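A.B. asks: Sequence:
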Amino acid sequence: MFHSPPPSKPAVLRRAGAILLAALAVGSSRPAAAETADDIVRSWLETLRATGLTVETGAITYQPGADTVEVRDLKVTTRSIGALPALVQRTPSVFFAGLAKSPDGVISAKSIVIAASAGQSEDGRISIAIGGLDAADVVMPKSPDVSYDPNRPFSAQLIYLRALLGARASTARIGRFDIAMTPKEGQSVSVSYDGLTLVGLADGKIERVTSGAGRITSTLRDPKAGAPVDFDIRIGSAQISGYDFGAYLHIVDDAAYVNGRGDGVWRQLQASASAEGISVSAGPAEFSIAKAEIGSFELRQFDTPISGILDQIMVDPKYFEKDPASAMKFGLGYLGAFRIKSYSLEGWNIKAQELDRFRMGRLAFKDFSGAGLGEFSLEGLDAAGKGNIIRVGRFSFGDLVFPSRAAFEEAFLAATTGGQVDPQSVIPTLGFIKLDNVEVSPARKERIALGSYALDLAGYVKAIPTSVRMTLKNLSVPASYVEDRKGREALLAFGYDRIDLSGEIDARWDEASTDLTLNTARLSMAGAGSLFATLALGNLPRAVFEDPKAAQQYLVGLLLKSVSFGYTDDSLADRGLKFAAVKMKQSPDVLRNQALAGLQFVLAEVRDPERNRRMVDAVTAFVRNPKSLTISSKLTAALPIVQIIGTAQARPQSLPDLLMLDAEANQ
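FYI, in mature numbering (1 follows the signal peptide of the UniProt record, and there is no 0) the residues of the sequence shown are -34 to -1, 1 to 633.
These aren't lab readings, by the way, just hints derived from the structure by calculation. On a predicted model such as this, the values are computed, not experimentally measured, just so you know. Cβ atoms here follow ideal geometry from the backbone N, Cα and C, with glycine treated the same way. Worth double-checking, as some hints may not be accurate.
Mimicking DSSO-like on lysine-lysine, the simulated pairs with C-alpha atoms at most 27 angstroms apart in a straight line are [as the list claims (entries may be wrong)]:
1. K332 <-> K452
2. K76 <-> K41
3. K332 <-> K400
Estimated spans, in silico, between C-beta atoms of each pair [to be verified]:
4. R590 <-> R451: 14 to 24 angstroms
5. R200 <-> K515: 51 to 61 angstroms
6. R413 <-> T382: 42 to 52 angstroms
7. G161 <-> E259: 54 to 64 angstroms
Please put together the full structure from these sequences, using the hints given.
C.D. replies: So this is what it looks like as C-alpha cells:
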C-alpha cells in the first residue's frame, strides 16, 4: 500500500521525460573503436543501465546494408526516490537509421523513431502514455563521467546540462502525451497535450517549439468545506521561438564567470513565446484568455557565481529562512538578472458567482526588469456585479524606476542593526499615469464618467518629483452625489444636474535658479466657467526636496516673484445673477449697480492711482459684461513670503497694494 506523500506533478513529468528522451540526451561513454550501429545501440543501453535505470529489451535487429537498428520491446524501470515510486515504461520499438559514432564518443543518427509507449508506477497510481517520437539529423553528446555528490545536487546537474549544448536535431516530433495520477483517495490529476514539434536544435539553441492542444484536470478536496473541487486548465496551442539554452547556462554555471565576477552582459534566453485558447475553471469559477504572449526575455549574470547557493537551497529548502540577509541579497540579484521586453494577455473573460460579467480586451506590460517598468496597461475593461458596473477604455502607468540594489541593501542593513532608514531611498519613482474613457455606475445610482486623466512626473529628487503636469478632461458627476442638501439644491436651481469638470496643472522647479514656477493651474466646469492661476517662487533650495521635514527652516528665505489668478465665465455669472434677482425680487441691472456702488471702497487700499483706476475699470467691465477677469501682481522686486504672511495676519486689506495687483477684463 502506498502511504508516502504524493509525488509532485513536475517530478513525474521530469521522470517521464527522462525515460522518453534518454536516447537524445545521453550518449555512450564506452571508448569508440570502429563500432557498428549494433555496437553503438548496445553500448547506449549499457550507459542507461549505468545511470541506475533497469533496462530490458526483446530482439535487437541490425541490418548493415540498410544501416538500421531496431530495439524491440524496450522496458525501462526507474528507481523509487522518496515519495516518488518507481516508474515502468514499455516501448514496442526504437528504430535508428544512419547511426554513427565519432572518435570522441558523440553519437549521431539520420533518424530516430520511437513507437508509442505506455507506462505506470509500480503502485498503479500513475499511468503514462506517449504517442511516440520521430527525430531527424540527431546528434547525441557523450554522457559525462561524473559521480553524484548529494551535497552539490545542482552542480552535478550542471555537468549534464553542459553536455546537452552539443545536442542537435533538425526536427523532433513527440506525439500525444497523457499522464494520470491518483495521489490520494478521492483525488486525481491528469495531463495531456496533442503533441510537440521542435525545429532547429543546435549549439544549445532552438529555432522553434510548437505544441498542440493541452489539458490539465484535477480533483482536490477543499480544505475548508471538505468537498471535492474540480480544476480544468486548457490551452489550444503554444509556441516558443528563438530559445537559447546557453544563455541560461551562462547565468547558473560558475565556470562562465570570469575571475568570479559577473560580466553584466545581457543574453537573450528566448525571442518570444505565446499560447492561445487558454481556459481555467475551478468549481463554479472560470476564466479564459484568447492569447498570452511574452516578448524577448533576457538574462545576465549575477554579481558573483550562484551555483553554490542553488546547491544549498536544493539540500536545505529552509536555507534562506536561517539567513535573511543572504535571502534578500539573492532576491535582489535575481531581480537584476532578467528583463522582459513585453508581456500581454488578450481577450480575458472571468465568470464567478458574484460577477455578471468581467471582460478585458488586453492587459500588458513592457520593459520590465529589476531596474523598473516601462509601462503597465489594461484596455477594454467591462465588469458588472450586484448591480455595479465599471468600464475602462484604457488605464496605464509607467516609467517606473525602482531604487538601486545598493539602496535596498543599505536600508535592510540599517533596519536589522537599529540604524536610521531613509524611506525616500527605497520608494520607486513613477513617470506617468493615464486613464481614458471611464464609466462607473454604482447600484441604484447615476453614472459617473471620466473622459481622460493624465499625470506626468519627472525631475525626481529622491522620491519627490520637481516637474508635475496633470490634465483632467470631463469628469462628470451627477448633482445627486453632492451630500450637502443646500449645495445640491443650489446646483439644480442654477440648472446643473451634472458637474462636468476639467482642469490642468503644470509646475516645475529649476535647480539652477532655485525657482518653483506654476505655469498654469486651471479648473473648469462646463456651462459655468473656469478658475486659473500662475505663480513663481524663488530661493527654494534642493534641500527642501531632499528632506521635507526640514522645509520650514527655508521658509524665511522663500520669495514671491509673481502671481496671477482669474476667472473666465461660461454662463455662471448670468445664471447666478438671475438666481439672485429672483430671490431678492430685484432686476439684474439693479443688482449689478448695487455691486458696483461699493467698488471704490473695496479697492481704496490700492494707493497707486493708475493701478486703482485700471482695477476699477476692469471689475466694472466684467460685472457689466462678464467674460473674463485676470488679477496679477506687477512686482518690481521679489517679496519675502514671510512679509506677505505677516501682512495678511496684521493688515490683510493692504495686501493688494503690497503685491502691486493689477487687473484686466474681457481680454
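A.B. asks: Take the hints in turn and mark each one as holding or not.
C.D. replies: Status of each hint after checking the structure:
As the CA atoms of K332 and K452 are separated by approximately 49 angstroms, the hinted pair breaks the 27 angstroms bound. A C-alpha spacing of about 24 angstroms is found between K76 and K41, which places the hinted pair at or below 27 angstroms, so the restraint holds. Our distance criterion of 27 angstroms between C-alpha atoms is met by K332 and K400, whose separation comes to about 16 angstroms. Against the hinted window of 14 to 24 angstroms, the Cβ-Cβ separation of R590 and R451 comes to about 34 angstroms, which falls outside the hint.
For R200 and K515, the Cβ-Cβ distance of about 56 angstroms falls inside the hinted range of 51 to 61 angstroms, so the restraint holds. A C-beta distance of roughly 51 angstroms is found between R413 and T382, which places it inside the suggested range of 42 to 52 angstroms. At roughly 21 angstroms, the beta carbons of G161 and E259 sit outside the given window of 54 to 64 angstroms.
Violated hints, in rising order: 1, 4 and 7; the structure is consistent with all others.
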